[in-house]
Amino acid sequence: MKRWCLSGSGRLWFLLSLSGCLNAVAIGPGWAEIKPMGEKQEVESQENLQPLLTQKIRQLSEVELPSTSAIMLVQSPAPTNPPSVQGRFHSHQKREFFRDSAPVPTPDPDDSIGMSDQEGRHGGTAPKSNETALPSVPPYQGQGGEIVQVTSAEIQPMGEKQEVESQENVQSLLTGKIRQLSEVEHPSTSAIMLVQSPAPQTAPSSEIVQVTGVQARPTEKGVEVILQTTVRERLQITDRSADNNFIADIPNAQLRLPSGDAFTFSSPNPVEGITEITVTNLDANTIRVTVVGDKTLPTVELFNDDAGLVFGITSAAIATQPPLQLEPEQPTSETPQEEPSAQTDRRLIELVVTGDRRDGYRVPNTTTGTKTDTPLRDIPQSIQVVPQEVLRDQQVTRLEDALRNVAGVNQAFNFGPLTFYSIRGFDVTETNLLRDGLIDTLSGQVSELSSIERVEVLKGSASVLFGLGNPGGSINLVSKRPLRDPFYAVNATIGSYSFYRGAVDLSGPLNDSKTVLYRLNLAYRNSGSFVDLFNGESLNVSPVISIALGEQTNLTLEAEYIRTRDTIASGVPVIGSVLPNPNGKVSRNLNLFEPSDSFEQTIIRLGYRLDHKFSENWSINNAFRFAFRDLYQRRTNAGSLDADDNRTFTRSASESSSENRNYAMTTNLIGRFSTGSIQHQLLLGFDLNRFDNFDPPIDEFEAASIDIFNPVYGQPRGATLPSSFGIRQQTNSLGIYLQDQVALTDNLKILLGERFDFIDRKYEDLISNTESSGTDSAFSPRVGIVYQPIPAISLYASYTSSFTPPGGSYFFGVDSSFKPERGNQYEVGVKADLNDRLSATLSLFDLTRTNVTTADPNRPNFSIQVGEQNSQGVELNLAGEILPGWNIFAGYAYIDARVTKDNTLTPGSRLSNSANHSFNLWTSYEIQEGNLQGLGAGIGLFYVGDRVDFNNTYTVPSYFRTDASIFYKRDRFTAALNFKNLFDVEYFESSLGNRVYYGQPFTIQGTISWQF
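Using the working numbering, the final residue of the sequence shown is 1881, and nothing's skipped along the way.
No lab work stands behind these hints: they were computed from the structure.
Ideal placement from N, C-alpha and C gives every residue a C-beta, glycine not left out.
Quick list of simulated restraints, FRET-style, between CB atoms: (1) L1475 <-> E1141: 43 to 51 Å; (2) F1483 <-> L1711: 33 to 41 Å; (3) S1593 <-> L1475: 32 to 40 Å; (4) S1465 <-> T1422: 49 to 57 Å; (5) L1635 <-> A1666: 48 to 56 Å; (6) Y1357 <-> S1646: 46 to 54 Å; (7) N1638 <-> T1536: 34 to 42 Å; (8) T1536 <-> I1473: 19 to 27 Å; (9) S1646 <-> Y1501: 32 to 40 Å; (10) D1514 <-> G1587: 14 to 22 Å; (11) S1593 <-> D1514: 23 to 31 Å; (12) F1497 <-> A1361: 28 to 36 Å; (13) R1267 <-> T1422: 30 to 38 Å.
With these hints in hand, go ahead and build the complete structure from the sequences.
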């Protein structure tokens, strides 16, 4: 048997890290010859080779190493006809990950990607034996203090023999070869077998690599995950393991669709032995790939291929199965044969991909807080996101039910068709309502969430981003976007009180190249209520089309049609519910209004969004939306309870119509650049908004009183009364803003922002035939800092401001002598990623509202701006996955919102409908394997503390409500039962004047869903 020298006649591949550690070098069985110190020592076996290698390489610490990790190559000219040897190779570069916890994988002769195939598709020679990993050996201490360990080696004959006479000769030979490494021409069948040592810390690059798609395909040994990018060679990977999880972070990279929208890839249970594969944007600069093994740590190999960056994942469960029978070996061919396409010999694994992201109960990124796609942990302000998974598990179809999951948000009042809210104690005005980041004053009137992907709540002042609005916070409804892969879903719901609802969600490409995508959401609801005479129906149609105008440009067209018809719930008198009534307690089913009452509205939205990327670092977007509402009301109006008998409630009646037209446009230029080592993400933009409201004079009538204990409906209307209300109003606003997200270091970030707004308002009173107009301007700064002592923890502090035109945005006259109301918030907090799928936020805030109008004590019927209100509190949020299948979404808020200065209200009085304490918890568990896989249950606990009315004359008591669900998911089928107010607790949601509104009693809803 011919012997080969270790030095000149073989190729020896070493991977050296900065620490000097050599983790592993693969070796094929055979003979080797080593000449140390002039004395020839033959290697007859691997056992003999092991001590020789460790003896000779123990002094490698004396070799001068380059500053970064290096591959050390000893190679002599290959002979014309080299003998056949055993070993691995790929026609493309390959990197393999090995760990102390996982054995070196044995190459599979059936693996046409990982080995030379028997049909010669990759060229080269087919393998004739396997590889063997040497057992681990004790480490040796070099003279330089560095530990060098060799656990295995690969020896391949190369031709000319170069003998190694001494260790000094080894050193000079190796270092000499490294200096010429760039000159070495690698043959197409070269193999580089690596073991990853601790990754060197490199300075971050300002250029972000865009990964435009993620694809998964099964292989004989597991699955391949392909990150599609044209610049794969610039991707650097740092990997680690935790339990059965393989985790790889790719810095300076982001998942971005061609449209520029972020997305997330998720493939649950792709093959046996792999629980889940996810690819997500960990932060604004990093992609994270996570592979979860079922019982053991999976083996992962990394390839550079024409398709992109490829993760070859080997499942332990599949690897231990008997290999497939192969066809007889064919002679190798000099011309590589064409490899069969994935479409013909491999099925595609089902993916869960949306235009945004699928992270379960935890959503890591948002655009609401900065108008750029930014990790929540990098934003110095509290933001809570209610994702689609929570909405689906709770079977939420209305906004008020979604906001039940947000700590610090309370219902101000709800009369059925419309619901009003407060955040951190302050009312949410029309301009605090957003749709996809644009002010949409009609968002509060949306009856269905069928076209909504998630609900995002920004806590505190936000005028620096969105302009005029109250200081408590903003609610942003994020729409569903078209998907690249076909997606079809249908669900039907039947519930208590004659609740019927059906919804359809369709999406996919409209052409073969997938440059034109669509999404269509349809929903119809017909429902009754526990409140007498209160019922309603709604129809929603929401189409969206996305068009790729080029590789760097995308246009999204959207429309929405909503038609609703509801009766009106009156609430019940305070006396007889919250306060005692000598006649007894009123029924929670009581309705003081008439069955002929009707609240009908038609809402139409039309809009577009245009995104263009100038480069990897610079982009621009422009969005426009027109919203129109036509509203008709025939209603009974509440009066007061007769103080003499405490049972007769006075009423009036009216008929009215109104039209609302809203126009919103925004343009944002976003750029990433660096000034030295400091990274910047700059936002420069402007927005235009116009709100037109026309309310013709209403028709008013007398109406008969009603007995609250024995109501009689259908009594005729009385005489016509003079109209008391009719207006025409227009508000125009222009905002220009600049924001810089500065990364001073990897763990220290600053957010700077400023905005200037100009507002022009016109108001016409159609009853008095008077007009008024005025202009306002405001400057709104913002500053915040985020410090991350460790990657999982963010400590932050911020100052934000807001402004609101005097008298609000709607239905009030314009007094140019008044200044805008101002809001100023100071907030500090901690954001923590408890693990990859569970995060928490703790925030403390102090929010003050100034320039509040209050009665002028010296001039009756006049007002002055000396009022002040303050809200202080603590909020805690927790969202994500505790264990596989066990999710949680929870929050707690303590809010002390009070009047601090006023001429009418007593300083120290609480702000209305704001609870001091509130708590929400929703948690669900789904069985992950076995015969009961897909079966799950959820439970929700909702506590709202006591609240007061506007004048602090009575207290609305606290309540504790329990919800629950049972569901079963199998493939594309889901069946669920949802129970609301499980223990049928009587409670009050909100108050308005002399009435309070009961919450719903025990209800059941059953839903069946299909995806196909």
